[in-house]
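Asks: Chains as they are written, first to last, in the numbering used here: chain X, 1 to 275; chain W, 276 to 643.
It should be emphasised that the hints constitute simulated quantities derived from the structure, not laboratory data. Mixed in with the good hints, there may be bad ones.
As the list claims (entries may be wrong) - Just some of the chain X residues that point at chain W, by a computed CB distance under 8 Å: (1) V18; (2) L33; (3) G36; (4) Q57; (5) T58; (6) I65; (7) R149; (8) G167; (9) G168; (10) G241; (11) L264; (12) P267.
Note that the Cβ used here is the ideal one computed from N, Cα and C, for glycine as well.
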Amino acid sequence: MWEYTDKVKDHFLNPRNVGTIDDADGVGEVGSLACGDALTFYFKLDENGKIKDAKFQTFGCASAIASSSALTEMVKGLTLEEAKNITNEDIADYLGGLPKEKMHCSVMGRDALEKAISCYLDEPEKKVEGEIVCECFGVTDREIERVVRENHVSTIEGVTDYVKAGGGCGNCHDRIQEIIDTILGTERPVKKKVPALTNLQKIKLIEESIEREINPTLKKDAGRLELVDVDGNRVLVRMGGSCASCIKSPVTLKHYVESKLRELVTPELVVEEVQ
Amino acid sequence: MDVIYMDNNATTKVAPEVVDAMQPYFSEYYGNPSSMHSFGGDVAAKIKEARENVARLIGATADEIIFTSCGTESDGTAIRAAIESNPNKRHIVTTRVEHPAIKNLYESLSKKGYRVTFVPVDSLGRLDLDYLYQNLSDDTAIVSIMWANNETGVIFPIEEIAPEIKSRGIVFHTDAVQAVGKIPIDVGKTEVDMLSLSGHKFHAPKGIGALYLRKGTKFTPFMVGGHQEKGRRGGTENTAAIIGLGKAAELAIGHLAENGYERIATLRDKLENNLLEKVPNTMVNGDRDHRLPNTTSTSGSACTSGSLEPSHVLRAMGVPFTAAHGSIRFSLSRYNIEEEVDFILEKLPPIIENLRQLSPFWKQAIGS
């Protein structure tokens, strides 16, 4: 449930300046259907270089429509120099604030305005710089850096609120955190240690993992692994079956057996072969 | 402000009869059903009656019903019990369109080393049964399939699936949270081992659910504690809520017996058919022939959206992004009346028309 200000509700229910301008001086398109919201913004200048008319079309939620409507009202009468200075915070402020999860709507407004101005100035379309971090919404590291710097965002959630990055599958969360850490110059807190296994538990778990996971896989190639001993985090094994003579067995040991045991038991394990 | 409420798959109003039934058990009869004295014993008798009513609603016997705190607890208890009872099996199966109570539990188990199969659905939300059967093996610990989908209302053929799962010696659980009370369910005729239900989806309060556990099914409790629920779920009984659930079950039995859902289905159909007619370029999500009587989910292209990610259910059905972002669900209850449907039919079409005019995609959407 979103808490909307009266002004947001008013601009959503009675949006100003809906439509297109056929002979627009500048047009800016942002967003896409796949991302869930999109905005096309148009402006027309008068003889003094001031914006005399602005219109928009938006596909999106109530805040996206209200932000677009607000933007068109805000820019009227401004020169392009003045309009350039409008930030996403200005759009949100004009509406008396937006729910923080919806700040990306104001960012979309600012982006559309910037694009429309570039379009008028006939600047080469700003290529999306940087590399895509969030695959779901096609957000680059540059865009994420920008909100961290300009909007003082310091959490992954905050980044999602402003540019949607990280709001889909969540695979990019680590990368977003890295970007935040780099900019804010903070070290990432050391990962909490999982309570250590007792020796007995560790040995049992290693045994079980070999029997249940590893040997059934090796068996497909007629191979077999035998646990010889566990010394601290060193796991001593003997390769049997066809593995004993296989030239690739050191690779299997490191790449498959060790990583599997690290995954299933504890990441500190080192697997060594004994003859 | 008058409220027209058609979001009954999210939650329902507590029936006035249920409130009345619960009322005395807060301040008058507040005894502990485990107590040896009659002040507690009288409450225990009421709980027994509630258990019998819940059992009757799904064709079970009273001792096969375990009261829980919600549908999610019932689901979690069932899946964990099946896994713990089959420690050597490492494969678990469910569908791509489950409620988060199952979906997220399976995803977390997958990170713990379980192999997970998510069975796909077709564009009408129907389960790919061949895919399901082909992926079962000796290593499969449990299959969990929802009885009816919360978003589209599509009903899965649990009666038909159950014997296929059972004949392979696999535990079968169904999340019937959306189905119980809305369609007849008889576990006597359907070979499920476990079934989850939730009170607040059929006019009992929130915070009460139940797990049906077929006699003879291996079980380990999720909440270990006292001897409540025959040691299958520790913790002092939520007496008033249990009594409320019993009353809601009794009402649902009566409602189903009188074919009360036919009236709801008629209202739903009126709403759906008229919306399709008044709002062009709109489609129904899901199989209209096998659906809960109270649910309609429709998508209209290039309209509006409120979430970042479109629903995993609609995406699994291959509903295009544009439509998935612009979909709306109505779910009715026995408290809805025809005037409310008429009101929506009057107000909604112009709202959608306005939003479409606002959209930069609308022209190209109708062009294509």
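Asks: State for each hint whether it applies.
Replies: Okay, the hints, checked on the actual structure:
For V18(X), the suggested interface contact is upheld, since its CB lies about 6 Å from the closest CB of chain W, less than 8 Å. For L33(X), the interface hint holds, since its Cβ comes within 8 Å of a Cβ in chain W; the closest pair sits about 5 Å apart. For G36(X), the interface hint holds, the least distance from its beta-carbon to any beta-carbon of chain W being 5 Å, beneath 8 Å. The closest approach between the C-beta of Q57(X) and any C-beta of chain W is roughly 4 Å, which is under the 8 Å cut-off, so the hint is satisfied.
Satisfaction of the interface hint for T58(X) is found here, the shortest Cβ-Cβ separation to chain W being roughly 6 Å, below the 8 Å cut-off. Below 8 Å, beta-carbon pairs count as interface contacts, and I65(X) has one with chain W at about 6 Å; its hint therefore holds. Given hint, R149(X) at the interface with chain W, is violated; its Cβ is 23 Å from that chain's nearest Cβ, farther than 8 Å. With a cut of 8 Å, the hint placing G167(X) at the interface with chain W holds, because the nearest CB-to-CB distance is about 4 Å.
At about 5 Å, the closest approach between the beta carbon of G168(X) and any beta carbon in chain W falls short of 8 Å, and the interface hint on this residue holds. Annotation: G241(X) was flagged as interfacial toward chain W, and the flag is violated, the nearest CB pair being 22 Å apart, outside 8 Å. Here the hint on L264(X) is kept, as its CB sits about 6 Å from the closest CB of chain W, short of 8 Å. Below 8 Å, beta-carbon pairs count as interface contacts, and P267(X) has none with chain W, the closest being about 14 Å; its hint is therefore violated.
In this structure, the hints that do not hold are numbers 7, 10 and 12, in rising order.
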